[in-house]
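Residue numbers (our numbering), protein chains in the order written: chain A, 1 to 404; chain B, 1 to 391; chain C, 1 to 212; chain D, 1 to 111; chain E, 1 to 771.
Calculated from the structure, these hints are not laboratory results. A couple of the hints might just be wrong.
[What the hints assert, rightly or not] Pairs of lysine to aspartate or glutamate, DMTMM-like flavour, derived with a Cα cap of 20 Å: (1) B:K342 to A:E284; (2) A:K215 to B:D334; (3) B:K151 to A:E49.
Every value quoted in this text rests on a predicted model; they were computed, and no experiment measured them.
What follows is each chain in one-letter form.
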Amino acid sequence: MNVIPGVDPEDFSVTSETEVRTEELLINMGPQHPSTHGVLRVVLRTDGELVLEAIPHIGYLHRCAEKIGEKVTPRQFIPYTDRMDYLAGMNMNLGWALTVEKLLGLEVPEKARHLRVLIVELNRIASHLVAAGTYGLDLGSFTPFVYCFREREKILNLFEAVCGARLTYSYITVGGLMADLPSGWLDQCEAFLDQFEPVIDDLHDLLSVNHIFVKRTAGVGVLSRELAVDYGCTGPVLRGSGVDWDLRRDGDPFYTRMYRDYDFEVAVCRDGKYPQPSPPVPTEAVLGDCWHRFFVRMVEVVQSVRLVRQAIEKYRLAEGDIGQPIKLNQKLPPGEVYLETECPKGQMGFMIVSLGEAIPWRVRARSSSFCNLSVLPELCRGCLVADVPAIVGSLDIVLGEVDR
Amino acid sequence: MAQWLSDWLTLSPQWEWVAYLTVALLQAVILLALVMTAVALATWAERKVAGRIQDRLGPTRVGGRFGWLQPLADGLKLFTKEDLIPANADAVLFRLAPYLSFAPVFGVFMALPFSDGWVAHHFNTAAFFILAVLGLEVFGIILGGYASGSKWSLLGGMREAAQVVSYEVPLAFSAMLPILLAGTMDLVAIGEAQRGWFWNWFVFHDPFTFVAFWIYVICAVAGTNRAPFDLAEAESELVAGFHTEYSGFRWSVFYMGEYAAMAAVCGLGVVLFLGGWNGPIPVAEWLFGPASSTSPIVNFLSQLLGAVNFIIKCIIGVVFMISLRWTLPRPRIDQVMSMCWKYCFPLAALAFLGATLWVLMLPDGLLGQGHPKASTCEQSVMVTVERIETP
Amino acid sequence: MTGPDGMAILFWLFAIVTCGGALVVVLSRHIVRAAVGLILSLFGVAMLFLLAGAEFVGAMQLMIYVGGTVVLLAFGVMLTARRPLLPLSTTRDQWLAAVLLACPLTVILVQAALSYAPTDSVSAQVDAHSGVSTPVGMLPVTPARLGMALLGFSQDNHRPDGGEVSHGDSGYLLPFELISVHLLVVLIGAAYLARREVPSGMTPRDNQGQLQ
Amino acid sequence: MFSPITPAHYLFVGIVLFVTGMICLLTKRNIIAILIGVELILNAANINFIAFSSPVLFPKRVPPLVLDGQIFVLFVMILAAAEAAVALAIALHFYSRFGTVDVDQGDELKG
Amino acid sequence: MSSLSLVPQLLLIAWMLPLASFVFIFLTGSFLDRRGRASGFIATAAIAGSFLLSVVAAALWFGYYPLDSNHQASSHPIRPLSGDWYTLAEFGSIKLALGYYIDALTLAMYVMVSFIATLIHIYSFGYMHEELHEVNDPQVILGDGTTLRRPGRFARFFQYLSLFGFSMLGLVIANNLLMTFVFWELVGICSYFLIGFYVERSSATSAGNKAFIVNRVGDFGMVLGLAALLTSCGTLHFDHYQTTNGAHYAGLFFYAKAIQHPASELEPAEGSRSEDSQSNPETPPVTLSGPKGLTYGLLVLAGLALLCGCLGKSAQFPLHVWLPDAMEGPTPVSALIHAATMVAAGVYLVGRIYPLLTPEVLIVVAVIGTITLFMAATIALTATDIKKVLAYSTISQLGYMMLGLGTGGWVAGLFHLFTHAFFKALLFLGSGSVIHACGTNEMPQMGGLLRKMPWTAITMLIGCLAIAGAGIPLWAGFSGYHSKDAILAQVYLFHTTNRFLGWIYYLALVSAALTAFYMFRLWFLTFIGQPRNEHIFGHAHESPKSMTVPLVVLAFFAVVAGWSVPGTHWSLSALLEQARVTPLLENSQVPLFGNVVIPHEHESHEAQIHQLVSLEAFTAGILGFAIAVVFYGARWLDPAKVCQRFFGLYRFLLNKWYFDELYSRLFVRPVTWVASVAAWIDRAVIDWTVDHAAVAVRSLAHLDDWLDRILVDGAVNRLAAAIYGMGEWFRQWQTGRIRNYILWIVVGLVSLFILGSIYFGLGMHLVVGAS
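Full structure from sequences and hints, please.
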């Protein structure tokens with residue numbers, strides 16, 4: 001073979017010519033971004049609009065809540081739990097109170113039980129309303145946000161009448177509740193429920209079945225059943241993937257007996273259908289996508305309304321008092337206890353290790369938002385930048401709970 | 001008018017240009033005032049309509065019960081805010097961008113007729129001119145996005161560029177239909193061609209124009225960057241898109257551009273499809289008779305009525321766009337683009353083809369009653385030639 | 001137009017805009033500013049077209065050139081721009097060569113422009129049949145005429161006696177068709193060249209299939 | 001000299017555009033800047049076409065070109081748009097291959 | 001004429017609706033498939049629209065030309081509407097156009113085709129519902145042993161159905177043979193597509209190919225016929241037509257007429273038309289076009305050639321072999337295309353070009369029809385595949401139609417076409433229903449289905465009765481009774497006038513008995529007796545409404561299609577009578593066979609002939625039915641034993657008269673033999689020569705190589721080194737930097753300008769002034 005002197009055949013080797021390399025961008029989404037729901041920071045590595053990688057950075061709201069819990073008595077710790085998931089303070093209170101009661105072997109009177117159900121389910125509605133409203137906002141629809149917050153305000157008014165606070169309630173406490181309901185409160189609550197139920201349909205019209213909304217959420221950020229379980233996702237995120245799991249039904253007996261004579265359905269998609277009444281699932285939706293996660297919350301709202309109505313009835317019929325809070329410096333029996341409750345964001349667990357003093361030796365909290373957020377990199381890989389808010393919003397995290 | 005001014009000031013011929021300049025500036029100021037009024041009204045309407053939709057009242061404090069003066073208050077607030085220029089930004093381009101965005105929209109009103117003959121400059125190719133000038137708005141936004149020196153801004157600018165350039169195509173295509181039906185690009189002539197009852201409006205001319213009208217609506221919303229197509233400033237995704245780094249007066253200039261563009265596309269749509277200054281019922285003709293045979297005053301009244309008509313239709317259009325914004329979520333950028341290329345563009349092309357065939361096959365309309373003015377290209381040429389040769 | 005004097009004012013205004021834009025293009029070292037200069041320049045050119053009575057072409061200039069081509073350029077700039085943007089400086093000898101070449105060229109061109117005296121005798125068209133002479137330039141150039149010319153009916157040869165529009169005498173049907181085909185080829189070619197393959201496993205819908 | 005406007009005035013604008021475009025071609029290293037220079041030169045040609053086809057600029061309202069001038073301008077614009085599209089595609093390709101837009105880097109075909 | 005002038009427009013829309021549906025489904029099919037039945041609804045709506053428009057058009061027509069009892073046009077002279085919609089091209093008098101030729105026949109065909117097609121569209125909703133989802137095709141075994149899974153093709157099916165509807169209607173309405181031919185081929189291609197609908201099954205594809213190729217044989221003849229007519233007459237229009245420059249020209253019918261009546265050659269128009277043209281001064285004079293080279297012999301040849309096409313399309317002997325295989329397609333297709341409409345197109349075309357057919361050709365038609373009719377009936381006796389039985393029965397019935405037409409029974413033949421369309425579509429749909437329920441075509445696997453599928457069974461029984469010609473003699477009966485008796489009467493008349501062709505009548509009569517036998521054999525085997533396959537029986541079920549409703553509708557028409565509307569004389573045969581064309585038969589003498597006479601059809605209507613034939617046919621039918629009862633109904637005799645007894649005959653029939661083998665021997669084997677001989681020659685002679693030549697060349701090359709290296713290379717290398725050195729020097733200029741190149745361009749430009757200025761002065765007239 002004749003070789004031209006001075007020319008290396010390797011120089012003519014053909015490289016891939018069809019691929020145009022665009023600049024990879026590293027984008028900081030947050031901690032001051034409008035749609036990260038707080039001080040979350042997500043670092044996006046994008047290729048144009050395509051997200052190659054999304055890494056959440058957390059810790060901006062860390063307040064050593066667990067460590068504080070090891071320095072104060074259980075009743076003193078109640079206000080700190082308020083500030084974990086500050087959108088569902090009642091549920092946080094309840095989780096902590098139940099854990100301590102389990103350690104103490106304490107059971108609250110019947111009337112207190114129904115009042116607790118009433119309050120936490122009302123708070124669940126409030127929390128889901130925030131989730132739905134801000135989710136609409138994430139997708140560029142402002143009006144549902146206003147609608148949701150209007151309804152939530154009414155719930156907060158009710159809470160204010162009960163405990164004087166609108167956000168950090170410290171209402172449910174170890175051994176019972178801080179106060180009984182004011183007179184006429186139940187009628188106000190029923191009036192609220194009556195006017196609230198039609199609003200749910202409005203929200204469905206504006207969001208769940210809105211064509212653009214479905215286009216934006218259906219098939220986006222699909223979280224498979226296995227992945228959801230592997231990552232320890234809980235709550236609506238888990239149920240959105242089709243796992244039929246709700247601690248109110250499947251949890252620790254100490255917790256589930258609170259709901260023992262209540263009638264409700266777990267909001268999960270069975271055979272392509274959700275508990276009625278709810279609009280049909282759009283054909284584009286894939287189980288485990290953003291739409292399902294969103295829709296589970298909407299369905300749960302309906303179920304919570306049912307629960308609240310039942311609780312009102314039962315509370316009216318129940319006799320006796322609402323229980324007595326334990327003493328501030330009540331000694332705890334030595335031992336170790338862990339209890340998870342079904343909070344609006346997922347399963348919130350508290351763990352106490354006691355050496356027999358009034359102050360626990362160790363306190364830990366298992367945060368649902370934290371686990372749910374951990375799946376974000378998996379969901380965001382390969383999506384578009386515009387999908388990131390949709391996915392983050394569908395996880396419905398509260399940074400106060402993530403960072404504690 | 002310039003001649004009159006020159007005579008009045010008794011300017012010597014070499015200084016006549018001063019008169020021209022003065023008159024031109026005066027006209028520009030009048031037009032600007034008009035545009036700014038429209039912008040102010042639109043921002044007010046935006047707040048009020050949003051309030052209504054969201055079960056709120058909207059502004060109520062400034063300027064009486066209805067918050068009439070809210071735009072003024074907003075403007076004052078914005079003017080007094082600090083104008084920040086980020087350290088990373090390209091200062092010259094950063095300053096230039098808002099004006100580049102607003103000026104073309106302003107230019108649109110130059111060619112937009114408000115009534116029969118009420119137009120700042122009577123272009124032969126007004127429809128085309130408006131589409132072309134409207135397309136320039138995108139520069140300001142691209143530049144603003146680029147010059148801000150922020151990645152979110154850059155992404156917003158890129159999205160804007162891709163979106164607007166794409167939607168211009170179906171927009172122009174759907175705007176071609178009335179041009180085709182009227183046989184001219186002259187907006188005054190197009191408006192006149194829809195004289196009479198509302199079924200003479202081009203939107204009701206045939207099924208294809210009806211389709212094209214809705215494509216025009218979609219593309220106009222998309223082309224002016226309004227929700228649900230406000231991808232370039234999607235606050236939940238790109239913080240605030242191209243104007244993330246803008247504040248104060250420069251930011252408000254961007255917004256003026258947006259609201260003026262809304263009014264402009266509504267105006268163009270009204271002239272092209274909705275009969276322009278011709279009301280749904282030919283009241284003006286009943287009242288004043290045919291335009292040619294009346295005195296100047298009556299003629300003026302008739303034109304005034306037309307302008308009122310036109311403005312009412314524009315207001316309806318603007319309110320429609322506003323209520324869209326407060327009702328719908330925002331689609332994703334790829335969905336927006338695919339909607340443009342997979343649905344709007346083919347549909348517009350089909351509608352164009354269909355309307356062409358319709359005119360060819362049914363030159364006298366479906367019921368044989370005839371179209372007001374379905375002149376072919378050839379005829380219009382002949383008419384032009386005749387008009388030239390009559391003197 | 002507002003008359004000869006108004007036209008002069010506008011002409012000078014837009015001539016300055018045009019030339020100024022061109023100078024910005026040459027003198028700025030920053031590519032984005034060069035692009036802005038180009039926009040200004042092309043906008044001025046469009047306005048000059050309008051002034052010269054070529055309304056349709058002016059609008060086309062705005063739409064295609066300013067609205068299309070330059071947006072494309074801006075796009076390209078953004079896609080290829082690194083941050084911070086490196087101005088690619090030019091060596092002094094390049095500038096020297098450029099100026100050295102530009103000077104004689106300018107001289108020649110200016111000479112040519114100055115020596116052009118408008119002669120009006122060129123094309124008053126005399127119709128052979130009727131003997132009527134029609135000054136072709138009197139006819140306004142409407143979009144309709146342009147369109148007809150593109151379809152093969154040239155109005156330059158229009159018979160003033162109202163006779164038939166002559167067919168294909170000096171129309172531009174063939175170039176029009178060629179341009180159309182050309183555009184199609186260019187579109188396909190450009191799309192092919194700029195085609196970008198998404199890294200495998202990175203399609204936006206990638207993680208959808210995990211459930212099925 | 002300032003008025004009335006004659007074709008020569010337009011020709012001067014054209015000359016400025018042409019010469020600046022040429023200098024742009026000769027001095028810029030950025031591939032897109034070179035493209036910009038080409039656009040300037042094409043516009044210089046367009047201005048001349050329009051100047052010779054505009055009745056307004058001629059005292060007797062009889063320009064040498066009427067339709068031809070305007071139609072050629074249209075063709076030039078369309079070709080310029082096409083050229084810009086292809087050139088940009090090439091530029092993107094160039095950029096992806098060499099990681100820069102400096103045309104001097106693309107001298108693989110040098111002898 | 002105001003009401004009539006709407007008719008072509010209506011039919012045009014009716015014709016275009018399926019096309020629109022086809023185009024729409026074609027463009028959006030993949031989208032629609034995901035949305036379920038949308039494509040089906042579109043196609044059905046289109047064809048149903050066609051049907052409604054056809055009915056309206058027919059109403060307009062018959063409102064203008066009411067049917068009269070004495071078969072005479074009463075109020076107006078009946079005049080077919082003919083004209084062109086769209087002109088493709090014109091070469092002088094030759095005009096290629098899409099046009100319409102509308103008479104009662106066209107309208108009846110339009111209504112019938114669109115009606116049956118509508119029903120079958122509806123039926124297909126049920127039958128093809130599997131195609132809505134992913135289909136598992138058990139008949140296709142893939143390489144890895146699994147069965148094929150493929151996406152459903154619901155939309156594609158309806159897309160083809162729509163295309164077929166369009167093509168068939170176009171074929172019917174064509175006003176010239178060229179258009180006929182185009183749509184003739186289009187229906188052929190639709191048939192090809194639909195036979196091969198299950199494209200993964202090799203049997204389906206080969207059946208499709210077979211149908212296509214066999215049809216090509218016939219179409220080849222048809223093309224020859226077209227060429228003959230075009231060259232000799234200069235036109236392919238049936239009727240008079242007008243070119244765009246306004247000249248009127250005569251059509252084919254006129255030329256054929258002129259051949260028959262040389263005296264009238266120079267008259268502008270024939271028959272009623274000439275009167276009409278005299279009475280109507282607006283009718284312009286007609287000019288004769290073309291070289292007028294048409295002779296009687298040429299007309300005969302052209303007729304025979306065109307007949308080839310008809311034989312292929314209508315599956316007549318010897319081109320009948322494709323139709324049974326075509327049953328590979330889905331059953332609605334078999335019903336629509338391969339029973340009711342497309343295969344009848346051959347018969348229709350014979351009817352349409354009847355004025356062009358000389359008596360010689362008609363005799364050929366009659367003979368071929370007879371052979372086909374008998375042969376197919378015998379094959380049907382032994383077939384076990386339910387659809388194959390019906391396929392052979394279709395061939396046989398088409399033979400009846402051909403026979404009717406060939407013996408001069410124009411109305412009788414076409415009448416049978418219509419009635420057959422109804423009851424055969426019914427039978428096919430019924431069989432489809434059965435197949436759908438059982439999942440098999442084999443009748444020995446069925447039995448006793450009457451209980452499971454009462455609707456299907458009853459409607460099929462009606463179909464069997466109709467095809468067997470059941471009826472009360474001399475009074476009324478199922479539709480088949482009327483049409484078949486009309487044909488037999490005509491054949492009887494023919495046989496009385498031409499004794500040496502008498503066997504035709506007897507064969508037809510025997511076949512009538514056979515028809516009754518095999519149809520009831522089918523019915524008994526399927527619906528009566530003990531279930532022979534419990535598994536299949538267990539799964540069988542009545543079909544959904546969308547399938548049974550068309551069955552019932554068709555059953556209704558299978559009963560009443562032959563009746564006249566009570567209280568009036570309006571009937572299908574009267575309707576066809578109105579469209580009667582008989583120009584070539586007027587002297588009834590066959591010039592080439594002097595003693596053959598084709599009788600007038602009216603003579604066969606005489607009571608005595610009618611009664612006789614009716615009774616004979618009835619007897620034959622009863623006989624066939626009785627045998628069927630003996631063998632299959634009551635099972636007094638075991639058919640298997642009878643088969644053993646006449647094993648040779650049985651095998652002969654079972655193998656379909658060995659036609660496939662015959663064609664294999666005659667055509668396929670010789671070709672393969674020639675090919676193998678050619679291959680041998682190639683190997684033994686040519687390859688050998690080439691190989692040895694190569695050896696010789698190689699040794700030469702070695703020599704050359706040596707010379708090359710020493711002499712030539714030396715010189716070349718020296719030269720190359722010199723050029724290389726030059727290149728090294730030049731490449732220094734090739735910097736690869738674009739600006740350097742531009743620099744040189746500008747340098748060249750400036751020097752050009754300077755040079756130009758020197759030569760032409762500095763005034764630059766070169767640029768502007770000189771021109």
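To see whether the hints hold, each was checked on the structure:
1. B:K342 to A:E284: Given pair B:K342, A:E284 holds - Cα atoms ~19 Å apart, limit 20 Å.
2. A:K215 to B:D334: holds (11 Å)
3. B:K151 to A:E49: This hinted pair holds, its Cα atoms lying about 12 Å apart.
Violated hints for the displayed structure: none, as all numbered hints are satisfied.
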